[in-house]
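Join the two chains, each given in its own frame, into one complex according to the hints.
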Amino acid sequence: MEQLAVQVERLVVNYGTFTAVENLSFQVRTGEVYGLLGPNGAGKTTTLKVLIGTLQPKAGKVEIFNTPLSDEVTVKSHIGYVPEEVVLLDSLTPREFLEFIASVRNIDRKSINLRIGKLTLAFQLTQYFDTPIAALSMGNKQKVAIIAALMHEPQLLILDEPLIGLDARSSRILKELINFQAKKGGAVIFSTHIMEVAEKLCNRVGIINKGKIVSEGTVEDLRKLVKSAEGSLEDIFLKVTEQEAGMQEIVKALEEE
Amino acid sequence: MNFRRLWKLSSRIYREISFQSLFSLRTGSSIPQSGRGNINQIIQSAQINALLSKILTTILIGFLGLAILLPLTSSISPTSLPREVALVGGISTFLAAVMFLVAFMGLQVATSLVSSKISDTLSPLPLTKRDISNIIFICFTRIFDIPLAAAVIVLLGAYFLAGGTILGGLVAFVGIIVTEVFALTLAVGLARFFYAKVMSGGGRSKWKVVQRAFFMLVWILPTFGSYFVMNFASQIFESSSMLAQNLSSTNPLVMLVYPFCFSTLISFATFPQEISLFSLGLAGIASVSYVALAAICLRWVTNAIRRIGSGGIAAVTREPVKDTLIKPQRAWLGIIHKDLRIASRAPSYASLFLLPTLQTVLLAISFSSFDGSSLTTALGALTGMSMVTLLLPPTLFSIEGLASAYTRSLPTTKRMLIFAKTFLSVIIYMSSLVALSAVTLFLGRDFTNVLVYGLIHMLSITAAILLELKILVNKFWKEGFAMGNIYARLSTFVLILIPAYVIAGAPLVVSFITLFVASKLAATALIVTEILEFTVMVIIAFHEKK
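Keeping their order, the protein sequence lines are chains A and B.
Numbering of the first sequence is given in this note's numbering, commencing with residue 113 and proceeding in unit increments.
Numbering of the second sequence is given in this note's numbering, commencing with residue 472 and proceeding in unit increments.
I should point out that these hints are in silico values taken from the structure, not numbers from a laboratory.
Remember, predicted model here, so these are calculated numbers, not experimental data.
Take these hints with a grain of salt, some might be off.
One side only, chain A facing chain B, incomplete, derived with CB under 8 Å [claimed, not checked]:
no.: 1; residue: Asn218
no.: 2; residue: Arg221
no.: 3; residue: Ser223
no.: 4; residue: Ile228
For glycine and all other residues, C-beta sits at the position ideal for the given N, C-alpha and C.
Chain B extracted, bound-state conformation (with noise of 0.2 Å):
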């Protein structure tokens, strides 16, 4: 079959992919009870969503071009190092950059290609296997091609600006070529890994328990490696042009090391009196070498996207089952536990679960001047984990949106989701708390601000949740818990988030005042707002409608 046809056959296939993982994912796969227009607009939301998350990742790359390789682009360095090293840093920084943020895309999309199922669909036609295999091949490429061409743009585009030349340039194409490519290889590997070892494995045993436990934290791993470098860019960049600058004078075997290998040669390549020759050739040596492993990851990315596609890694390893025993707990203890169950076989869910300690701690560590004992700064801090925290609610309550069209029959009442749910945030309010307090432990500091007042923030924390989720319950009951629902109109969650800012970070604000006005009474006053906070909210909560 000619391209042009496997083209346009492909592009049903794409719409079809981008469809079921809006329908399934955001929509509890109940069609909409507003009718076909409804269903439309889901068809076209779906399309809409993954062109925007091209988009979004697009704009990523580029802001990173601009805060990575931009300041090269001027005659003064941006750090104190020689010109020649940061530019190196620079771009070891956005090759690392651009494989992270395209693999933490191609995993989002690699398990919407799983679930789709699309040679269930395309095997009975009267295509070949050939065909089949191309086709989802194309797929998954397209879903891909925007940020993979902009990635190429800004890298050229900049290093141009910078006074690059021919010869770098096209180091600087075959190296953004390799990174696009391990950033595909690592996503397949990656969903491979995950179907093979979290999805597919089931078992029951303390051991199977934490290896999949742990198959999760790899499988997550890209998206706080994207989440880290969004975040840390510059210091990034700045480390390893540092890195490279001492290791290249004491230890030139980092010039085999990726992507510093293609850094060093671009340097050489537009600056090529300041580099020894011993690096030059090392670099050039791992070069070559990645260039070839490139080729070889390229074969087998394509070989396994064909089999993910044909659904041929959903291989079940099962243990032989000794019981059928249940143990069936109270109600909302049974929905957390649920939740938990969930959020450990879903990267997403997991990612998200883990954001508000994470944050915490990289917030923590990354202001050196944190100091826990000061009364300012850990207020400051508990300001920033608060806000994190407060942004859980509405997504745990998204977990219910899950298979909405049978969860939906079961007698769950309003008063027992919101008590699940607040318990399960304020749990992971606590563990970010305990994160906090032992990085202010291991920074040699007195944590004992941080863990008091913290304790005392929860009162507001729970009062807070208790209102996100009473509000989330009585809007979104009778229409369904769908994340398609919640976040479909961000004016709604905006709305949601607003009101619970202001009631944990009421107390805040009256102890910081109290703090300049009357030092003495700044805990006081912390206390008494907390627990007026968290009794009125506790008292309309339970007058909730079981």
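Chain A on its own, in the form it takes in the complex (with noise of 0.2 Å):
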């Protein structure tokens, strides 16, 4: 049976006297791949970072299975999170962080090394599992972001621009690890700005701009909402978040230099 994963109603952050997040509200049901879209400086990131607590809300009530935020533990442990910008114990070893990631979250170590095992394998980190991880790529530092959020299996990956810095291979099997998680009865939000993306992964998406949702559903709703927009996503996108406007004119004005 179908079970709210994350309920958000009227939520309100602010930074400053900046409101970043104006009354948000949507959800996202349990074997469901939740994508959330929006210009830059929308506030998918700080939408996000509420969900995994790292932000304060000034407003507004935001549930993890049913479990307020104010139960940070419980909510935490539910979670796995891929940030924007990776940020890591650069001086650890992916081995040495990983470690840490799991004795924190109380996982048992037989399980986790098998589950360790298949990742690194599948996402080609084996080589760099000594190395610190000051010293890695940015595409790989994700890699490692990516087995933190996923080594404990999560029943909700919340996810921050996943793709971007993934090679191909990595990011097909995100891609298919993505929808294995829906279809096991886990739930994943991602933002992402990759339209294709977006539309050939979520089974619902929300566009935001300016801190509010401007329109919700599955493509096909949002292309009925739209009317006139009988192209991609990315059009329907434009037109929603009031980009598209005077678009051909600057690009017109661009090419005219």
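The structure is reproduced here in structure tokens:
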């Protein structure tokens, strides 16, 4: 039976006097891959940071599997998170970093080693397992963060632009894992700028602009909603985020230079 | 590109280096939630921080100059030694002190220089490779401008006040320039060494771990060198004067050793009739050789710093990976293990971890009257040791601020953190106690009092640490553990330390008072107070919400 994995109601987040998220509401069900789309600075990362407990909302209700954020240990135990900017404990090696994460998450040694073996092989990270994270490329750091997010088999995956920096093979594997996570009854919420990815992967998308959800539904739902947009999700996206207006003129002006 | 444009471009880059060091280390790479004003505050405080660091080093150099060189300006020698020998000792100590201080400051900066990856930003711009190299080099030298100038002014000022001659002043000028070049070489050399052997060197074999630990010790050498010089300036001054006098008469080859060669030349230029021509010849040859060596060092430093800026030294030594097995532990043990691993690779943390033990040993050795068998001295030594140990928990806590933008998404509990950090702090206290007992034994005195009272006092120390951590956890749980949060407000930091000092000090005070009133009950009073404090704090800590 479908259950609510994420419930966000009238969320407000401020940075000083600037309101980054304003009365934002959406839900993600189990078995669902939910894509959060929006232009730069729309409030996607801020929303995800509230879900993982690193940002404090000013107002609103947020529940993960019907547990309020105030019960942070329970909430964080359900979640696997990949940040947009991968800042890890650079002086540790991936082995040491994952060992630390596994300790804090209280994971059983036998099961974790089997899973880590499979994940490092899948993401081709084995050869870097004893190299300090500081010396890894951005893509490999991203892989370490992805393995750390997946290793405890979380019920909810929160991925902030997870495909940036990944090579084609790892990107494909991650997409498969995202689908598998939904199929086995978990939930995934991720932000992306790549419309094709959202179109292929997501059951539902929420388009966020200036801190508000301006449109939500399946890609088909959105097409119906925006009557003139017969093309891709990108066209719908530009339309609902009001970025289409005047775009042709700007491009023309640039070409004329 | 002309120097003016290079200087202008280097200003921007220099500001970026200051900001990066503050942003990654002190804020855990997370933007504070209080908005734009707060981000501007980080940018501003990064610049102030860089300036403060320069001013602080300058003040230290000035202070050392006053302590070491000013007594020489009086007509009576500060020691029983002849003036020309005292001058050799004073100038040698000052030169050595400047070398360690500048090298220590350089080490901190060189790491920021590497992590900021300046060349990544500059390379795509229409600049030649030479321009980029020059900008990076100018940035590096700008970090030291005030302290380097201050060292020259202090030495020459003090020397001329002491009645120096023009010739002696010229030699002093050459001597301090050579010292500064050596200091920069030491800083850059060790930074290269650190990145090549510690930071980039992976591997999990025992040999690799031992190797990394050894390299780390080598790296933090200037830290302890400058710490030692600052604490024992006058003793070093007297020792080096004595050394100069004794060795110059028995073994004139000491004149070949830096910095004695320069100070001997300066002394000769000031009091020519007092020093033998043979010694002068040796000192002259050695000084010219050191000038030549400094010229080579300067060229090397110039090239090395350009390579550091281009990320050229981060060569990775990779061992073949045999397996991908990990060994998860209990959460609190995992946190301790992580802290120790980070400290074993970050010199700033490593030196802080070692500070209580080192401070205790130095204090014990420097007090020649130290007698462990006396209860009063034992309690005095324990008080000093406790005070340094209690400075540790905020530092241990600030490790949680590293990469907190990520780690705060983990299900860590308050109790878990308090327990892990307390355990680690107590281990560090225990190693200081073992070191103190060993020194007492080495001095040929009875160490029983130190060991027994130290073990009993562990209860009170644990209570004080628990209190510090409880305040810290509750205060910073929501806003984050970044170092910037903890150390930015000095009042907060002091307010955390005061109750901890009261808790740690109370049993010792009670014991001291009882010692005078009813000496037989001193130990009982200590034990009772310690047990009481420990029990109360453990109950409070265990009532902490998970």
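We went through each hint and held it up to the structure:
Interface restraint check: Asn218(A) against chain B, minimum CB-CB distance 6 Å, threshold 8 Å, status holds. Among the interface hints, the one on Arg221(A) holds; its C-beta lies about 6 Å from the nearest C-beta in chain B, closer than the 8 Å criterion. Evaluation of the Ser223(A) hint against chain B yields a violated restraint, the C-beta minimum of about 10 Å exceeding 8 Å. Interface restraint check: Ile228(A) against chain B, minimum CB-CB distance 6 Å, threshold 8 Å, status holds.
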